[in-house]
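Participant: With the sequences and hints as input, model every part of the structure.
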Amino acid sequence: MGPTYRLATPAVFAAAVVLTVLAALGGVALLGNELSYPFMIAVLAILLVGVLVKETVSNGDPITPGGIVAFTGLLLFVLRPLTVANSMETSPGAIADTRFFSPTLQLAASSALIEALIFFSAFFVVYYYTVAREARRIARGGEDAKALQDDALAGGPAFVDPDTQVRWQRVFNTSVSQAIVVISSVVALGLLVYLVLSSGGIQAYTTGLANRSDFLSGKSFIGLSYIPVQIAIVYNVLARRQKGLEGWNWVNLVAVLVLVVCAGSAGGRGPLIIGVFLPFLILKQVGPKPFRFRTIALIGGVTAVVAMVYSIVIRESTFDNGRSLDRLTQDPLGVLLDRLTSGIETRPFDVLIRLNEVASLPDFVYQWGATYAAVPAWFVPRGLWEDKPFGGGNTWFTSTYVPRFYGVNRVETSLSAIGEAFSNFGIPGVVAVGALLGLVAGLFIRARMRRRGVLGGAIAVVVTPYLFSLIRGDAYQGMSTSIASLVILVLFFWFSTTRKQVTGPVSAPEPLPDETASAAERERALVGAGVAAGAGVAEPRPAAEPRPAVGNGRAFPAGRPAVTWDRDR
Numbered sequence: 001m002g003p004t005y006r007l008a009t010p011a012v013f014a015a016a017v018v019l020t021v022l023a024a025l026g027g028v029a030l031l032g033n034e035l036s037y038p039f040m041i042a043v044l045a046i047l048l049v050g051v052l053v054k055e056t057v058s059n060g061d062p063i064t065p066g067g068i069v070a071f072t073g074l075l076l077f078v079l080r081p082l083t084v085a086n087s088m089e090t091s092p093g094a095i096a097d098t099r100f101f102s103p104t105l106q107l108a109a110s111s112a113l114i115e116a117l118i119f120f121s122a123f124f125v126v127y128y129y130t131v132a133r134e135a136r137r138i139a140r141g142g143e144d145a146k147a148l149q150d151d152a153l154a155g156g157p158a159f160v161d162p163d164t165q166v167r168w169q170r171v172f173n174t175s176v177s178q179a180i181v182v183i184s185s186v187v188a189l190g191l192l193v194y195l196v197l198s199s200g201g202i203q204a205y206t207t208g209l210a211n212r213s214d215f216l217s218g219k220s221f222i223g224l225s226y227i228p229v230q231i232a233i234v235y236n237v238l239a240r241r242q243k244g245l246e247g248w249n250w251v252n253l254v255a256v257l258v259l260v261v262c263a264g265s266a267g268g269r270g271p272l273i274i275g276v277f278l279p280f281l282i283l284k285q286v287g288p289k290p291f292r293f294r295t296i297a298l299i300g301g302v303t304a305v306v307a308m309v310y311s312i313v314i315r316e317s318t319f320d321n322g323r324s325l326d327r328l329t330q331d332p333l334g335v336l337l338d339r340l341t342s343g344i345e346t347r348p349f350d351v352l353i354r355l356n357e358v359a360s361l362p363d364f365v366y367q368w369g370a371t372y373a374a375v376p377a378w379f380v381p382r383g384l385w386e387d388k389p390f391g392g393g394n395t396w397f398t399s400t401y402v403p404r405f406y407g408v409n410r411v412e413t414s415l416s417a418i419g420e421a422f423s424n425f426g427i428p429g430v431v432a433v434g435a436l437l438g439l440v441a442g443l444f445i446r447a448r449m450r451r452r453g454v455l456g457g458a459i460a461v462v463v464t465p466y467l468f469s470l471i472r473g474d475a476y477q478g479m480s481t482s483i484a485s486l487v488i489l490v491l492f493f494w495f496s497t498t499r500k501q502v503t504g505p506v507s508a509p510e511p512l513p514d515e516t517a518s519a520a521e522r523e524r525a526l527v528g529a530g531v532a533a534g535a536g537v538a539e540p541r542p543a544a545e546p547r548p549a550v551g552n553g554r555a556f557p558a559g560r561p562a563v564t565w566d567r568d569r
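At position 295 of the sequence shown (counting the first as 1) the number is 295 in the UniProt record's numbering, and the numbers step up by one without a gap.
Any given hint might turn out to be false.
The calculated label-pair distances, taken between Cβ atoms and stated as ranges, are [to be verified]:
no., residue 1, residue 2, range
1, Phe221, Val309, 24 to 32 angstroms
2, Phe221, Val306, 22 to 30 angstroms
3, Asp97, Thr329, 20 to 28 angstroms
4, Thr329, Gly301, 14 to 22 angstroms
5, Asp387, Thr329, 42 to 50 angstroms
6, Gly201, Leu384, 22 to 30 angstroms
7, Thr56, Ser360, 17 to 25 angstroms
8, Trp250, Trp494, 21 to 29 angstroms
Hints in this document: simulated from the structure, not taken from any laboratory. Ideal Cβ positions, reconstructed from N, Cα and C, are used throughout, including at glycine.
Facilitator: Structure, rendered in structure tokens:
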């Protein structure tokens, strides 16, 4: 069954969001300070849960750009605020930075929730407008839809000479893409061995990862060597599926083991979640046999437990001399539940409370884009630029307003996309950044990625998980890493494809075979392109058998397949 786009109608959804915002602002104005805080939590919960339900109904699961953003919002701005209200404590940093949740801080927290509501409202208005527009485009069909399907079959976008009607297309080579997987895996393992040896051995390396930013200073790019491995695997699996081959051959499976080792050795939870869990879950969901919702929930729960245990063992136990690890062994369930609701992963809300607290003071100065301007510096190695900034929004906020936590080791807390937008441009910045992220997320909806071939599908699989990082962290880390991943993916595509000429109309899907092909094969290619040999007229094509190219067809109305496939292909 294909998705229903009823809730995607822009006018209906925009009206619902506007009414929600007005009701929330009215409630804050009418209710007392004690009531406004839980009221805002309830409004946010209704909005985000509604989006999760909508995404699950439309796509069969919530592993979509909208679903990932909604889940992130529930974790950071619904679950954490409830925990703060229950414990009456808030901390933008470590335990030593904990403060009583006083009436003044409650007022700042209510303002933080209003900003979160405005951000997510702007995001989903733009996102669902994009979804609805894509749904209408699919429903219209026609030459545009046919050409996109043909491009998906060949693997990449086509370029047509309007005068000669000659069609040029880059067609992928699975042997080259498989070689890229092997090379990237070998390089990543070699760089990991270098990092460990240059650090003084495994024990010294794992101890140093507790303070990753300072420990890997000057070598942080080497710690990101897992990213090309992940991209190469995703691209190779999609390319092999497109060719009708088994996606997960032994080369990809061995590379996954290398990826897990390298990502796990990077010293953070992000590489495991964004570099391994989310992209491969999305890859599975757009394949021929997606997981059921219960399986996704189980895998997600296991991944969350592994990530939290990893953080305690690798980082926190080093800072507190093993006390956190002792608590974990004595009461694992209690520690993990507390970690899920009150751990450093959910602290962006506490940071937003602190930001609104200081923003109410007369001496607060907006950054006016300074934290965003630092993003290009991420791409320059510190060895080439000694005065390179140490970070962006996270660094500015932590060093300025939580200096004890920042310390000499430059340990950062997470400002979040909402906090960074507000600290730069106020409420207009929150609206603009939310809408911009909604526009970006709209580029990765499944209905579109399944019709854009291997390159479009790979971009969506690789970049979509960064929405979690972009919302939770700052632009310096999230935006720069996602841009780097996109550049690497495009380079892989360029190296693993060759330029082929396809004759005939714009919608002709069939690339010409190699020069060494027989005359009969070349004639079949021309006929498939719509040019009958010797006649110049199109011959009728045989009945097509549905075969999804990159996805499983669920994103198309009434189960419409991504492309058509016949035996001559």
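Participant: Work down the list of hints and note, for each, if the structure agrees.
Facilitator: Going down the list of hints, with the structure as the test:
no.	hint	verdict
1	Phe221 to Val309: 24 to 32 angstroms	holds, 27 angstroms
2	Phe221 to Val306: 22 to 30 angstroms	holds, 26 angstroms
3	Asp97 to Thr329: 20 to 28 angstroms	holds, 26 angstroms
4	Thr329 to Gly301: 14 to 22 angstroms	holds, 20 angstroms
5	Asp387 to Thr329: 42 to 50 angstroms	holds, 45 angstroms
6	Gly201 to Leu384: 22 to 30 angstroms	holds, 29 angstroms
7	Thr56 to Ser360: 17 to 25 angstroms	violated, 39 angstroms
8	Trp250 to Trp494: 21 to 29 angstroms	holds, 26 angstroms
This entry does not satisfy hint 7, going by the numbered hints stated previously; all others are met.
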